[in-house]
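Undergrad: Residues per chain, in single letters:
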Amino acid sequence: MKIDLTRLAVVSLSLCFTSLSFAHSGHVHKAPLIACQSLSKGESCRYMVGKDKVYKGTCQLFEETLMCVRNQPIEYLTPLSDPKLASVKDNESITLQK
Amino acid sequence: MQSDNPRFSVHLCFYIICAIGISACSGGDSEDNATSLSDDTSSSETVDNEAIQTSLDPDLFLAAGLAESITTTACTLTDGTQTECFKVVINGAPANADIGPFCPRNITDDATQGGVWFDGSGELYQVDGSFILSLPDLYGSDWQLYDEATGEVFVTDSQIACEAAARPDVDPEYQNHCVECSIDYYDGGVTQTLLIPVEPVALANPNSLSADLGVSLNGVVIAGPAPVNAILSANTIAAFDDCGGHVNPAEGYHYHAALGCSDVISSLDGHANILGYALDGYGIYAMLNSEGEEDFDLDECRGHSDETRGYHYHAASAAENMFIGCFKGAQGSITVGSN
Numbered sequence: 001m002k003i004d005l006t007r008l009a010v011v012s013l014s015l016c017f018t019s020l021s022f023a024h025s026g027h028v029h030k031a032p033l034i035a036c037q038s039l040s041k042g043e044s045c046r047y048m049v050g051k052d053k054v055y056k057g058t059c060q061l062f063e064e065t066l067m068c069v070r071n072q073p074i075e076y077l078t079p080l081s082d083p084k085l086a087s088v089k090d091n092e093s094i095t096l097q098k
Numbered sequence: 001m002q003s004d005n006p007r008f009s010v011h012l013c014f015y016i017i018c019a020i021g022i023s024a025c026s027g028g029d030s031e032d033n034a035t036s037l038s039d040d041t042s043s044s045e046t047v048d049n050e051a052i053q054t055s056l057d058p059d060l061f062l063a064a065g066l067a068e069s070i071t072t073t074a075c076t077l078t079d080g081t082q083t084e085c086f087k088v089v090i091n092g093a094p095a096n097a098d099i100g101p102f103c104p105r106n107i108t109d110d111a112t113q114g115g116v117w118f119d120g121s122g123e124l125y126q127v128d129g130s131f132i133l134s135l136p137d138l139y140g141s142d143w144q145l146y147d148e149a150t151g152e153v154f155v156t157d158s159q160i161a162c163e164a165a166a167r168p169d170v171d172p173e174y175q176n177h178c179v180e181c182s183i184d185y186y187d188g189g190v191t192q193t194l195l196i197p198v199e200p201v202a203l204a205n206p207n208s209l210s211a212d213l214g215v216s217l218n219g220v221v222i223a224g225p226a227p228v229n230a231i232l233s234a235n236t237i238a239a240f241d242d243c244g245g246h247v248n249p250a251e252g253y254h255y256h257a258a259l260g261c262s263d264v265i266s267s268l269d270g271h272a273n274i275l276g277y278a279l280d281g282y283g284i285y286a287m288l289n290s291e292g293e294e295d296f297d298l299d300e301c302r303g304h305s306d307e308t309r310g311y312h313y314h315a316a317s318a319a320e321n322m323f324i325g326c327f328k329g330a331q332g333s334i335t336v337g338s339n
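Chain order of the listed sequences is A and B. Residue numbers for the first sequence follow UniProt numbering, so the first one is 1 and each next one is one higher. Residue numbers for the second sequence follow UniProt numbering, so the first one is 1 and each next one is one higher.
One or more of the hints may lead you astray.
Claimed, not checked - To list a few chain B residues with every Cβ distance to chain A over 12 Å, as calculated: (1) LEU60; (2) VAL89; (3) THR108; (4) GLU123; (5) GLY151; (6) PRO172; (7) ILE183; (8) TYR185; (9) THR191; (10) PRO249; (11) GLU251; (12) ASP297; (13) ASP306; (14) ASN321; (15) THR335; (16) VAL336.
Unchecked claim - Only some residues are given here: those of chain A computed to face chain B with a beta carbon under 10 Å: (17) LYS30; (18) PRO32; (19) LYS41; (20) TYR47; (21) MET48; (22) VAL49; (23) LYS53; (24) TYR55; (25) GLY57; (26) CYS59; (27) PHE62; (28) GLU64; (29) THR65; (30) MET67; (31) GLN72; (32) THR78.
FYI, nobody ran anything at the bench for these hints, they're computed from the structure. These numbers were taken from a predicted model, which means no experiment stands behind them. Where is the CB? At the ideal position from N, CA and C, for every residue including glycine.
With the rest of the complex left out, here is chain A:
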């Protein structure tokens, strides 16, 4: 019984540290997945990118995994003074110049 309890403790601690490791090695890339965790395919979803961008769309299946697929233009929580700048910013974020 004593051995079993020791094993249980070791296993529990291992799981805990494994979980903690994943928690802290996790990152923002899971946001589109987390956004659909409690939803079904086709339901509306949204998530934030950075502190000021909101992505809105619907949950879609990719290889049996639900992911939020944005289908509306990116919303900026902090309005830019010139709407044209928002478009420029979007362009810059996806256009690479090397």
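With chain A held as given, fit chain B onto it using these hints.
TA: Only chain B this time, still in chain A's reference frame:
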């Protein structure tokens, strides 16, 4: 690279299980840059496919990306429809761009010596030396992709290494590596044949995407989202080149994102440029129009109709790790080889 999708789902299951026990900690990282804001409002949009519908135009393809001229042949679509399809056979290498570079070799390398990385977070990273140095901050303290003594980046620089790192169960020897495979290992390109309906057949309910979803005008397979969770779980980066593509042993070079390399035809009416076709025959266009704006009326698949093109898709940004969200029409097929 590791776009072989079983790992994606397996790791996702593992992640979800782990998430139960880590909810107290996981918020800290996520809230730095991205936060889930789920709501439960359902939405869908019907598509007017009774209007004019353009079909695949063989003349838009760059000939150098094709193994043979585009022809038509009988085919059966995923919904059982027997119809006529375009047969598009690609060489497996882009007609208008070199493949790579992917991984930098040293932490002092600049952006010209590496490609890009995106994990679906909405951020697009230049894979240069600085990025390699930033990985512990980005993904966790157990990330170490370079030799501290020399600054040399750990790269899978042989076919054996590439294939050991690209398999679903990454060889432990290649964890903490920047993974890349040279197209030279696969005879300069993997020939693939796509059958795409001449007349798209709209579905009442969209189909989920398969591993591959279409072909670009410069002759490259367009794939679904890269399985970044599976890739990251092995402390690896399967770097993309500046066109958003990389090489895996099964299907060679393929795109996971639109970064402009397939925009070979300029739209004359201000509409976004066409970059390729999905397996259901609908065109895939760039995200933004000539004014740098995105449409407001995209459906769940990221498509909509207009009077000139009929139904068509618009690619998402590269940082979202995807092109489109689902198939609005019944699909043809894609197979390796020139059968």
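Undergrad: For every hint, state whether the structure bears it out.
TA: Quick rundown of the hints versus the structure:
Every CB of chain A is more than 12 Å from the CB of LEU60(B) (nearest about 22 Å), matching its label as outside the interface. Its beta-carbon lying about 26 Å from the closest one in chain A, VAL89(B) satisfies the requirement of being farther than 12 Å from that chain. Against the 12 Å criterion, THR108(B) stays outside the reach of chain A, whose nearest CB is about 16 Å from its own CB. Here GLU123(B) does not stay apart from chain A, with its beta-carbon only about 7 Å from theirs, under the 12 Å limit.
In this structure GLY151(B) is separated from chain A by more than 12 Å, as the shortest Cβ-Cβ distance comes to about 21 Å. No beta-carbon of chain A is positioned within 12 Å of the beta-carbon of PRO172(B); the least distance is around 16 Å. With a minimum CB-CB distance of about 20 Å to chain A, ILE183(B) clears the 12 Å threshold, and the non-interface call stands. With a least beta-carbon separation of about 25 Å from chain A, TYR185(B) lies farther than 12 Å from that chain, consistent with its non-interface assignment.
In this structure THR191(B) is separated from chain A by more than 12 Å, as the shortest Cβ-Cβ distance comes to about 24 Å. Distance to chain A confirms PRO249(B) as a non-interface residue, since its nearest Cβ pair spans about 19 Å, more than 12 Å. Separation of GLU251(B) from chain A is adequate, the least Cβ-Cβ distance of about 15 Å exceeding the 12 Å criterion. Consistency note on ASP297(B): stated as away from chain A, yet its beta-carbon is not over 12 Å from all of that chain's, at 9 Å minimum.
At roughly 16 Å from the closest C-beta of chain A, the C-beta of ASP306(B) stays outside 12 Å, upholding its exclusion from the interface. Against chain A, the non-interface label of ASN321(B) is violated: not every CB pair exceeds 12 Å, the least being about 8 Å. The claim that THR335(B) is not at the interface with chain A holds, since no C-beta of that chain comes within 12 Å of its own (minimum 19 Å). For VAL336(B), the shortest C-beta to C-beta distance to chain A comes to about 19 Å, beyond the 12 Å cut-off, and the non-interface label holds.
At its closest, the beta carbon of LYS30(A) sits 7 Å from a beta carbon of chain B; the interface hint therefore holds under the 10 Å criterion. Look at PRO32(A): its Cβ gets to within about 5 Å of chain B, closer than 10 Å, so that hint holds up. Of the supplied interface hints, the one on LYS41(A) holds, with its beta-carbon coming within about 8 Å of a beta-carbon of chain B, less than 10 Å. The interface hint given for TYR47(A) is met, as the beta carbon of that residue sits about 5 Å from the closest beta carbon of chain B, less than 10 Å.
Contact between MET48(A) and chain B, as hinted, is supported at the beta carbon level, the nearest pair being about 4 Å apart and thus within 10 Å. Because the smallest distance between the Cβ of VAL49(A) and any Cβ of chain B comes to about 3 Å, under 10 Å, the interface hint for this residue holds. Given hint, LYS53(A) at the interface with chain B, holds; its Cβ is 7 Å from that chain's nearest Cβ, closer than 10 Å. Taken as an interface hint, TYR55(A) checks out: its beta carbon lies about 7 Å from the nearest beta carbon of chain B, inside 10 Å.
Interface restraint check for GLY57(A): the shortest CB-CB distance to chain B comes to about 7 Å, inside 10 Å, so the restraint holds. The restraint placing CYS59(A) at the interface with chain B holds, with a minimum CB-CB distance near 9 Å, inside the 10 Å limit. Checking PHE62(A) against chain B by beta carbon gives a least distance of about 5 Å; that is within 10 Å, so the hint holds. For GLU64(A), the shortest C-beta to C-beta distance to chain B is roughly 5 Å, which falls under 10 Å, so the interface hint holds.
Hint on THR65(A) holds. Least Cβ distance to chain B is approximately 5 Å, under the 10 Å limit. Here the hint on MET67(A) is kept, as its CB sits about 7 Å from the closest CB of chain B, short of 10 Å. For GLN72(A), the suggested interface contact is upheld, since its CB lies about 7 Å from the closest CB of chain B, less than 10 Å. At its closest, the beta carbon of THR78(A) sits 15 Å from a beta carbon of chain B; the interface hint therefore is violated under the 10 Å criterion.
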